[in-house]
Amino acid sequence: MASIPVRPCLRRVSRALAESNPRDTHAHLTNPLRRWTGSTLPRASSSSPFSTSTRLAAAAAASSTRRTGSTLKISRKSNAPTSGGKPPGRGERKAFRKKIVLSNANALEVDGLGELSPRAVADPAAHCRVLALPGAVVDQLRLLGAFKPTQGWKYFRRPATLMRAESLRLASVVDGMAEGKEPFRAIVSGERGTGKSALLTQAMAMALLKNWVVISIPDPKDLILGHTDYAPLPDTEPQLYFQKAYTARLLYNTARANRDVLREHTVSQAHPGLPSSVSPDMTLDRFAQLGARDSDFAWPVFRALWAELTKPGLGRPPVMLALDGLASLAGPTEYLSADVKPIHALDLAQVRHFFEQLAGRSLGGPLAAEQRLPNGGAVLAALSQSERPPRTHTAAVELAVAQNEARAAAAEGPPARPYDRDIDHRVYDALREVRALKVGALSREEARALVEYYAKSGALMAPVSEAFLAEKLALAGGGVVGELERGTVRAGL
Amino acid sequence: MPPRLLFRAARPIALHYRPRPATPFAWRAGEFAKCATQSQCSRRTYAADSKSDDKDLPKSLDAKGPNTDPLPDISSEAAKTAEIMGVEGPDVEQGTPVQEVKDDAEALANLPKVMRDELTGKAKAPKSTREYSTSAIRRQGLEQRGDAIPRGQEGAEASLMPQYPSPIPEPVPGAKFGMPALPLPPRSNLKDRYDPLVKQVTNLLMRDGKLARAQYWMSYILNHLRSSPPPTYSTTHALLPGAPPASHLPHHPVLYLALAVDSVAPLLKVRSARGAAGGGATLPIPTPLAVRQRRRVAIKWILDAASKKASRGSGKGTFAHRVAEEIVAVVEGRSAVWERRNTIHRTCVQARSNATWKPKKQK
Chain A
1 MASIPVRPCL
11 RRVSRALAES
21 NPRDTHAHLT
31 NPLRRWTGST
41 LPRASSSSPF
51 STSTRLAAAA
61 AASSTRRTGS
71 TLKISRKSNA
81 PTSGGKPPGR
91 GERKAFRKKI
101 VLSNANALEV
111 DGLGELSPRA
121 VADPAAHCRV
131 LALPGAVVDQ
141 LRLLGAFKPT
151 QGWKYFRRPA
161 TLMRAESLRL
171 ASVVDGMAEG
181 KEPFRAIVSG
191 ERGTGKSALL
201 TQAMAMALLK
211 NWVVISIPDP
221 KDLILGHTDY
231 APLPDTEPQL
241 YFQKAYTARL
251 LYNTARANRD
261 VLREHTVSQA
271 HPGLPSSVSP
281 DMTLDRFAQL
291 GARDSDFAWP
301 VFRALWAELT
311 KPGLGRPPVM
321 LALDGLASLA
331 GPTEYLSADV
341 KPIHALDLAQ
351 VRHFFEQLAG
361 RSLGGPLAAE
371 QRLPNGGAVL
381 AALSQSERPP
391 RTHTAAVELA
401 VAQNEARAAA
411 AEGPPARPYD
421 RDIDHRVYDA
431 LREVRALKVG
441 ALSREEARAL
451 VEYYAKSGAL
461 MAPVSEAFLA
471 EKLALAGGGV
481 VGELERGTVR
491 AGL
Chain B
1 MPPRLLFRAA
11 RPIALHYRPR
21 PATPFAWRAG
31 EFAKCATQSQ
41 CSRRTYAADS
51 KSDDKDLPKS
61 LDAKGPNTDP
71 LPDISSEAAK
81 TAEIMGVEGP
91 DVEQGTPVQE
101 VKDDAEALAN
111 LPKVMRDELT
121 GKAKAPKSTR
131 EYSTSAIRRQ
141 GLEQRGDAIP
151 RGQEGAEASL
161 MPQYPSPIPE
171 PVPGAKFGMP
181 ALPLPPRSNL
191 KDRYDPLVKQ
201 VTNLLMRDGK
211 LARAQYWMSY
221 ILNHLRSSPP
231 PTYSTTHALL
241 PGAPPASHLP
251 HHPVLYLALA
261 VDSVAPLLKV
271 RSARGAAGGG
281 ATLPIPTPLA
291 VRQRRRVAIK
301 WILDAASKKA
311 SRGSGKGTFA
321 HRVAEEIVAV
331 VEGRSAVWER
341 RNTIHRTCVQ
351 ARSNATWKPK
361 KQK
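Residue numbers (the UniProt record's numbering), protein chains in the order written: chain A, 1 to 493; chain B, 1 to 363.
Everything labelled a hint here was simulated from the structure, so no lab data went into it. Hints are supplied without guarantee of correctness; some may be wrong.
[Unchecked claim] Short derived list, chain B residues pointing at chain A, Cβ under 7 Å:
#1 186
#2 189
#3 218
#4 223
[Stated by the list, open to error] Covered by chain A, according to a simulated footprint, are these stretches of chain B (three or more residues, beta-carbon under 8 Å):
#5 257-269
#6 282-290
We put the beta carbon where it would ideally sit given N, CA and C, even for glycine.
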């Protein structure tokens with residue numbers, strides 16, 4: 001993301017307001033929320049006062065009569081490429097960009113490749129082993145958006161991950177979690193290419209194997225870019241906004257990925273404001289799909305589902321909340337409020353919900369009720385170094401993370417910067433106490449295990465010797481796993 | 001058959017070029033496998049398997065090499081025929097010394113002409129009329145090391161083999177990983193960083209001097225070749241002799257690229273001499289191209305074909321994706337680039353009588 005412009009666009013808002021009621025263009029001045037449609041996107045409206053389509057059609061009809069007399073024809077050479085065939089279909093170009101390939105028939109089958117299993121999650125001897133992800137878990141992870149197009153899954157026969165020290169740390173958390181235990185809340189930090197997203201994928205895989213409910217926000221940029229519709233949440237002070245289409249999609253993916261677990265639990269309490277089709281013996285799977293189908297109920301269903309999942313004493317499963325790319329959410333968004341000010345990400349209900357779970361406390365406002373996870377669980381937010389928002393977003397997150405990393409290492413961290421204009425103090429206050437899980441370079445043993453796996457799967461055509469490993473590690477910043485892959489598997493030019 | 005590659009040598013050895021039958025890789029792969037299993041060779045090859053020598057290796061169709069069962073010479077054949085017929089044939093046990101023939105006038109008259117010429121001193125060394133090599137061979141691996149390649153000994157096979165890293169040097173006391181081969185060539189870290197062909201393609205991909213973008217594209221192309229399914233070799237457009245089985249190509253994307261570029265590279269270009277044909281007509285003159293020139297033309301053609309394709313995607317790798325697909329199309333014989341090559345060659349053959357044309361000296 002190059003930059004996020006935060007300037008409000010007055011024209012866009014006034015057009016949206018005018019579209020909501022063309023006869024009353026000044027309604028927003030008297031009572032902005034009364035006429036608020038919730039969407040600033042231009043709508044295809046035939047009754048729009050600015051529509052030029054009829055005029056253009058009339059002009060075209062008038063010009064259809066052929067001119068008499070001789071005309072001058074000038075043939076011009078066109079530089080446009082001569083493209084044959086029909087143009088790409090709707091969504092085809094984006095699908096090309098977002099394509100995720102998880103297997104490669106050219107790659108060799110690796111002998112003795114273990115598989116991640118509930119038992120392996122609990123096994124400390126799995127350190128320095130590359131373990132494949134089971135097929136069912138791969139399907140679930142795909143639904144949760146745990147794989148990224150830039151990761152190198154397509155060079156190998158099947159998805160497999162290295163159990164490194166940080167993975168074992170998370171494995172012990174997942175394995176030892178029980179009802180009543182303090183949930184694990186952490187920001188996964190580290191330099192570019194150190195494997196933060198892959199660690200998140202591993203954590204989700206282990207949680208799925210342990211029958212947790214996993215809710216994932218793989219690309220939080222979608223929440224703040226203004227691409228999905230939003231509307232003010234009634235009766236909230238300060239004013240919050242919800243995004244029904246995004247929440248419906250989130251519910252759909254969550255319901256499908258966690259189908260087997262959610263089917264074992266039923267709705268236990270009455271939820272006012274939901275349609276009458278919600279019956280007490282409805283499974284949570286169907287309940288979530290109810291919200292996924294009807295986006296008008298998506299946000300109330302999400303709240304209700306969360307209340308059900310976090311109800312103690314019913315044997316509910318632990319919950320994992322995962323988000324990749326925290327800094328995107330740490331500042332003002334592309335959305336505008338009724339008084340044409342950029343809405344802060346923490347005023348979006350979905351984002352605020354995540355931040356409260358991550359911080360483990362209320363950030364003020366009406367969503368303070370169920371921030372605890374009484375059945376245990378984990379809230380993980382990874383930073384992303386390849387998609388960095390502007391400094392107004394990253395500064396607060398990085399300061400909080402640096403202080404927490406220093407605290408974990410019992411060292412003196414950087415001081416607070418109260419006069420730094422780029423520090424977003426709402427974000428800084430929310431993240432100040434959250435522990436940082438720093439992902440560093442691979443150890444030599446871990447790197448050796450990984451490079452040997454590369455060689456066994458035919459992705460690397462070289463003998464793995466000490467000298468070779470030393471060279472590759474030196475070129476990979478001392479064990480930055482992304483760079484190690486670039487230097488050995490990929491044709492890194 | 002003795003092995004033709006010296007596996008333990010630090011550098012590839014030039015070989016005689018000779019076209020091979022359809023599955024030429026079998027014996028070579030077998031040699032590699034044997035070498036690897038006997039631990040004589042410190043390099044692990046893609047064809048080597050630790051368990052069995054011949055597992056999954058491609059086999060020749062008739063399980064027989066080209067020189068396995070040669071015909072006997074003409075005297076032995078005549079002797080054998082005479083034995084079958086029950087008559088006296090030539091005595092193959094003892095040959096006739098040339099010195100005896102030299103003084104025998106009758107024998108001299110019946111001698112074959114080549115032998116007579118040789119005796120009388122009229123024989124000349126066979127002269128080749130070919131002014132240039134017609135094989136599109138990767139020999140840059142040898143050239144850049146400064147090895148002199150004897151004329152006619154350029155080897156397609158040796159250079160088509162994937163380049164493996166040099167064997168691990170013997171440990172030197174005090175140096176943890178041995179000593180580098182000194183002196184290093186000047187600026188070798190910059191100049192010899194990538195394969196010569198990869199470097200050439202990267203430079204030709206570059207637009208507006210943006211090398212980093214071209215390098216991203218190049219790595220995209222190689223990664224696409226690595227992860228796409230093995231190509232289906234075309235029966236109509238023959239690739240370079242010595243091409244490995246198609247299933248080996250995705251494991252060696254640089255080899256894949258080299259096979260496509262070198263196979264479709266034209267050997268000649270048509271130079272036009274204006275007015276040389278008289279009456280103002282231009283005279284087409286076939287002119288041979290050097291290896292690097294041939295490749296340049298082929299790469300240009302491939303890039304040209306790719307840029308004319310419609311983009312089906314979005315993002316920063318779309319052009320590279322089209323180039324990669326064009327490379328696969330070349331190897332599979334689907335690309336229109338083959339036609340361009342054939343046209344050039346046809347024109348050059350038609351104008352072959354002009355090949356020795358030289359401009360008249362200005363008075």
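Outcome of the hint check:
Because the smallest distance between the Cβ of residue 186/B and any Cβ of chain A comes to about 22 Å, over 7 Å, the interface hint for this residue is violated. Taking 7 Å as the C-beta contact cut-off toward chain A, the hint placing residue 189/B at the interface is violated, the least distance being around 12 Å. For residue 218/B, the interface hint holds, since its Cβ comes within 7 Å of a Cβ in chain A; the closest pair sits about 5 Å apart. With a cut of 7 Å, the hint placing residue 223/B at the interface with chain A holds, because the nearest CB-to-CB distance is about 6 Å.
Remark: the segment 257-269 of chain B is not confirmed as covered by chain A, as 0 of its residues place a Cβ nearer than 8 Å to a Cβ of that chain, below the required three. Only residues whose beta carbon comes within less than 8 Å of a beta carbon in chain A count, and the segment 282-290 of chain B has 0; fewer than three means the coverage is violated.
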